[in-house]
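*Asks:* As a plain string of letters, each chain reads:
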Amino acid sequence: MLKKLKPYLYLLPALFFLIIFTYYPVFRAIYLSFFKWNTSYPSKVFTGFSNYIDLFKNPDFWKVLKNSVIYSLSTIVISMSLALFLAIQVNKVLFMSSFYKVALFYPTVIPMAAAALIWKWMYIPDYGLLDFFLGKLGFPNINWLNNAKIALWSIIAVGIWKYIGYYMILFLAGLQNIPKSLIDAAIVEGANGRQRFSYVIFPMISSYTFFIFIINIINSLQAIDQVYIMTQGGPANSTNLIVYYIYEQAFRFWNRGIGATLTTILIIFLLVLVSFIFRSIGRRVYYEV
Amino acid sequence: MKFKYSVLKRLVKHNILSHILLFVISILVLIPLFLMVSTAFKSLPELLSTDFHWIPKKIIFTNFRDAMEVAPFGRYYMNTIILVISILAVQLVTISLASYAFARLKFPGRDIIFLFFLLQLMIPPQSIVVPNYITIASLKLLDTKLAIGVVYFASAFGTFLLRQAFRAIPRDIEDAAKIDGCEGLKTVFHVFIPLAKPSFIAFALVSVTYHWNEFFWPLIVTDTVRARTLTVGLAMLTQATESTPEWTLTMAATIIVVFPLLTIFVIFQRRFIQSFMHSGIKG
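Protein sequences, first through last, are from chains A and B. With this note's numbering, letter number 132 in the first sequence gets 133, and the count goes up by one each step, no holes. With this note's numbering, letter number 111 in the second sequence gets 183, and the count goes up by one each step, no holes.
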């Protein structure tokens, strides 16, 4: 009997924390999303789907959703293509390659909160670094973080800068995994650089690309630190992203019901999206055995 | 014409174009780092003067002293170091036990439970702060280091990584250990963990980096300097000086926060990059 239970005993410590701080919270959020629980309802009251209806009627919610989609899409597209491009270049060179790796990767090891502060300082109007050089070149000053049309892009730039080195390193792992004989065979067959990329390299690293794509989706939907430090969601909600919105609702306005509802929406959205991607693209990915 | 062609050929042959591109982009990526260092050693009057120099006219160190006076960075350091080490220590125990079970034992429901572990990768801690905060509050843990750490005590990522490493260990070694009287828990600690050392180091580097740099969850569950970590302390400092932001002081404080990890990274860059490279993806 004890022998049969033994494997589960090994799993118990990890499973215990996993259940209490990952799975239970998910169900707790779903449960709480059916309650009004805020400053006017200090003890929670069951109200069915009213939180969801309130949110869907609220233009701020749609604005946040739009911002998040723009943020995710643009960071994914730009940082993945740039990272792949850089990985291919780094893979080509020998001399200086560790300098390039260190220079491109270091943003990964500094906290986003610290990075956001440095970038905020670069973005300061008039005497910040960017405006200073723009002014020197004769361009007008740009209000990087206070202009509702530009602020989200300023935040996106930080997100790309922070993770590009990490994705580059992951792509590099994929590139270094391609057997040299395969590339040589393609060269012997007379394939030019572009053909080698589209018919050999890109298919061979597809499992890496797929993996990076998935972590990029999850990562970009979690972006909050730079929003908190740089803009607090403003101006006019133009940089308010989903996790910051959760924070604002639950911890600034003490609206826990809405916070739980937003959490539920985010998790369901993530799970549906990721399983959809696994079903549609995941099958076509090449996995080496 | 002929000359031009040979130049082009040489450029391609020695990857000169790649070097130029990589060099320019590397410098662009390094600019924030240069700016941080340059600002931290400047005096405030020089910073506010109209001209900009990467290298300060007069290099001063007082910004660091001032930053240490404005905020208790010593305390934040202690908190962060204790936190990062304790999380790693607990994680090592939970993940090696679980990985051993997944890699070597046969039992009903193994694959389902493993999937259940992996699903955690899709539910990052940031997205469940609201219910977790409520749990932590009802456990009366708010404003403690345990509150920050406890949500990370199980790591799906670590379990996955170690399971791969454990599976690669030959069965013969395990059998030999068995003959010598090593079984169960003893095998895990005397055979599996020592043999999977590279994976442990990779995991440790990733875990320490992640938790040293973490900001949002510690921000929410801490209220006072008692448990506050470096990143949260840094943000508090800038909010305190918001009306007249002293960027010289802020950048000095930023250096105080990023310095240890950045230094370790530069020294052990190969190991670091290898760890991040293979941690996510192998297998």
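It is worth saying that the hints were derived from the structure and are not from the lab. Hints are supplied without guarantee of correctness; some may be wrong.
[To be verified] Taking lysine to any residue and the SDA-like style, the derived pairs with C-alpha atoms no more than 20 angstroms apart in a straight line are:
1. A:Lys5 / B:His86
2. A:Lys93 / A:Lys7
3. A:Lys93 / A:Val78
4. A:Lys93 / A:Ala186
5. A:Lys7 / B:Ile185
6. A:Lys93 / A:Lys4
7. A:Lys93 / B:His86
8. A:Lys4 / B:Pro180
9. A:Lys5 / B:Gly256
10. A:Lys93 / A:Ser239
11. A:Lys93 / B:Ala175
12. B:Lys129 / B:Pro144
13. A:Lys67 / A:Gly49
14. A:Lys7 / B:Phe179
15. A:Lys5 / B:Lys129
16. A:Lys150 / A:Lys137
17. A:Lys45 / B:Ala209
18. A:Lys64 / A:Ala186
19. A:Lys37 / A:Phe50
20. A:Lys7 / B:Asp247
21. A:Lys5 / B:Ala209
22. A:Lys4 / B:Leu89
*Asks:* Would you mind confirming whether the straight-line C-alpha gap from lysine 64 (chain A) to alanine 186 (chain A) stays at or under 20 angstroms?
*Replies:* violated, 52 angstroms
*Asks:* Please work out if lysine 7 (chain A) and phenylalanine 179 (chain B) have their alpha carbons no farther apart than 20 angstroms.
*Replies:* holds, 9 angstroms
*Asks:* Below or equal to 20 angstroms on CA atoms is what counts here, so check lysine 93 (chain A) against alanine 175 (chain B).
*Replies:* violated, 37 angstroms
*Asks:* Would the hint linking lysine 5 (chain A) and histidine 86 (chain B) be met if the CA-CA limit is 20 angstroms?
*Replies:* violated, 63 angstroms
*Asks:* Is lysine 93 (chain A) within 20 angstroms of lysine 4 (chain A), Cα to Cα?
*Replies:* violated, 54 angstroms
*Asks:* Take a quick look at whether lysine 93 (chain A) and lysine 7 (chain A) sit within 20 angstroms of each other, Cα to Cα.
*Replies:* Judged against 20 angstroms, a Cα distance of about 51 angstroms means the pair is violated.
*Asks:* Holds or violated: are the alpha carbons of lysine 5 (chain A) and lysine 129 (chain B) at most 20 angstroms from each other?
*Replies:* Status violated; Cα separation ~73 angstroms.
*Asks:* For the pair supplied as a hint, lysine 7 (chain A) and aspartate 247 (chain B), confirm whether the alpha-carbon distance does not exceed 20 angstroms.
*Replies:* Roughly 19 angstroms separates the two Cα atoms, so the pair holds.
*Asks:* Are the Cα positions of lysine 45 (chain A) and alanine 209 (chain B) separated by 20 angstroms at most?
*Replies:* Within the cut-off at roughly 16 angstroms; holds.
*Asks:* Quickly compare the C-alpha distance for lysine 129 (chain B) and proline 144 (chain B) to 20 angstroms and report which way the hint goes.
*Replies:* violated, 30 angstroms
*Asks:* Starting from lysine 150 (chain A), check that the Cα of lysine 137 (chain A) is at most 20 angstroms away, please.
*Replies:* Status violated; Cα separation ~24 angstroms.
*Asks:* Taken at face value, is the distance from the CA of alanine 186 (chain A) to the CA of lysine 93 (chain A) at most 20 angstroms?
*Replies:* holds, 18 angstroms
Hints 1, 2, 3, 6, 10, 11, 12, 13, 15, 16, 18, 21, 22 from the list above are not met by this structure, while the remaining hints are.
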